[in-house]
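Novice: Please put together the full structure from these sequences, using the hints given.
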Amino acid sequence: MVAVSSVSNILIELGAVLLLLGVCGRLAARVGLPSIPLYLVAGLMLGEGSPVALEASSEFIRIGADLGVVLLLLLLGLEYTPEELSHGIRTNWLAGLIDFGASFTPGFLGGLLLGWGTVASILLGGITYITSSGIVAKLLADLERLGNRETSTVLSLLVMEDIVMAVFLPVAAVLIVGASVVEAGLSVLLALTVVAVALFVSLRHGVRVSRLLDSTSPELLLLTVLGTTFLAAGLADKAKVSAAVGAFLIGVMLSGQIAERGRELLSPIRDVFGGLFFIFFGLQIDPGDLPPVVVPGLVLAAVSAVSKVSTGWWAARHAGIGPRGRRRAAAAMIPRGEFSIVIAGIGTAAGLESELGPVAACYVLILAIGGSFAMRFVA
Amino acid sequence: MELFETPLPGVGVRYEFTSAAGDRLGVIVRRDARREVLVYDDRDPDACRATIPLNGEEAATLVELLGGTKVTERVSDLRHEVEGLAIEWVTLEPGRGLTGRTIGDGRIRTETGSSVVAIIRGERSIPGPGPEFELAAGDVALVVGSIDGVQRAHRLLTS
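The listed protein sequences derive, respectively, from chains A and B.
If you're matching positions, the first sequence starts at 0 in numbering that gives the first Met the number 0 and goes up one per residue.
If you're matching positions, the second sequence starts at 0 in numbering that gives the first Met the number 0 and goes up one per residue.
Treat the hints as calculated values from the structure; they're not laboratory data.
Among the hints, a few may not be true.
As the list claims (entries may be wrong) - Between beta-carbon pairs, the in silico distance windows are: (1) 96/A with 131/B: 40 to 46 Å; (2) 62/B with 217/A: 29 to 35 Å; (3) 112/B with 14/A: 54 to 60 Å; (4) 103/B with 188/A: 39 to 45 Å; (5) 266/A with 54/B: 16 to 22 Å.
Where a beta carbon is used, it is the ideal one built from N, C-alpha and C, also for glycine.
Specialist: Rendered as structure tokens:
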């Protein structure tokens, strides 16, 4: 039985947190920045050593953050149709490989140089690899660059990154629980098989699966899709392939009309819980831990910005884009955001390396803001 | 005239062409009814000088103004020739009516006495679709029957 006073405390704290997110989001929109860095800062301010400590609502925020990750990945899966994903793999695998090699390496080596273990370094590689498709897609639309010819190059690189994430996350999850090389190899195979099966099912039977879950009532649609997703995410987590991947694959398997309407209905829910996730990530970090990691964060940001710029520039040139378009494509690859934090969150939750959280926060703050400015002012 | 088609993952498809006068034009066909009309820049061939976002209704109006609806012209001719027979073009909207379901699901012939005799999907036409044919948003169904029957079929298809 929950005491009345604790309910009121939870509501008060939660209200304050959501309001703070709202104010940050408005501020970000006013100055033309993505909201993620401001959410992070808000989380840092409320975290350890801050005068206003969250107590009553911390458990709710923790669960909300977990749901946020699941929803972020579900919407990522819904974002692209199965045809776009399979087309992406067939036509962009080389660019995807170069992208991965160029931008995973700085993080991985950086982690080793900081004296971290192999697993934490691999996670840092993932953090420096994954461009924020959320920030980039929003900015491309805001800057009216969706029609530009280099934009299709940028978007197809982002599709490849998302496919790589589907494999990277379960592998990282297995490595974290301390598996041997053989087990890790098996899990890579398992992950690849599951992704391939999901793609196959959605290409062949997507219409049938989607019709089974579809409904003209928004309420029933939401309940069925959310239920299926949480169930799949939970089962995936039990099987140690990370809840995020289960959610992503459900997103991939839904296609057509249900995907269309699911995106519409679920995006606002994702934004609320995603906001809680960024706050929660910030909460776990003591702001006092940030100053020592500013220099590594800056160096990582600089090196991996250069590697992304080169990848974007090369891919655009390869697609026959002119010099100005190449510069725009290069800048559009810089912003990092939600998925870098998702990867860092997985590592932090497993208690891997105490510096991982602060470094990732610092890194994302620099490149979410810096990358947005680069995109805006490159032309 | 050569029309280039480029997929934009997560957004839709972009079409572009160069007009005889030398202007490069494009259209982004979003997954929903929204469209963007693009006018490319002469100095920077990869960038757009203007991007004009249109909602579904505006796009449909623009098409009509540009005289693209040869289909409607033909239909109005037909209507003069055949008295007492109603013919209607019904556009399926996302998430409503029979969109995402089959013609058979709607039991149009049983309920209204009128028939869906053809479907226009994008640039393709599908004459004589069977009851198992699945309707998608943006499809245009050609319904033939009595005036009353066609009206009822229209309601079945769209609401």
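Novice: Taking 40 to 46 Å as the hint, is the beta-carbon distance of residue 96/A and residue 131/B inside that range?
Specialist: holds, 42 Å
Novice: Tell me if the beta carbons of residue 62/B and residue 217/A are separated by a distance inside 29 to 35 Å.
Specialist: This hint holds: roughly 30 Å between Cβ atoms.
Novice: Within 16 to 22 Å or not, the Cβ separation of residue 266/A and residue 54/B?
Specialist: holds, 18 Å
Novice: For the pair residue 103/B and residue 188/A, does the Cβ-Cβ distance stay inside 39 to 45 Å?
Specialist: For residue 188/A against residue 103/B, whose Cβ atoms are near 43 Å apart, the range 39 to 45 Å holds.
Novice: Is 54 to 60 Å right for how far apart the beta carbons of residue 112/B and residue 14/A are?
Specialist: Once the Cβ atoms are compared, 58 Å apart, the range 54 to 60 Å for residue 14/A and residue 112/B holds.
In this structure, none of the earlier numbered hints is contradicted; all agree with it.
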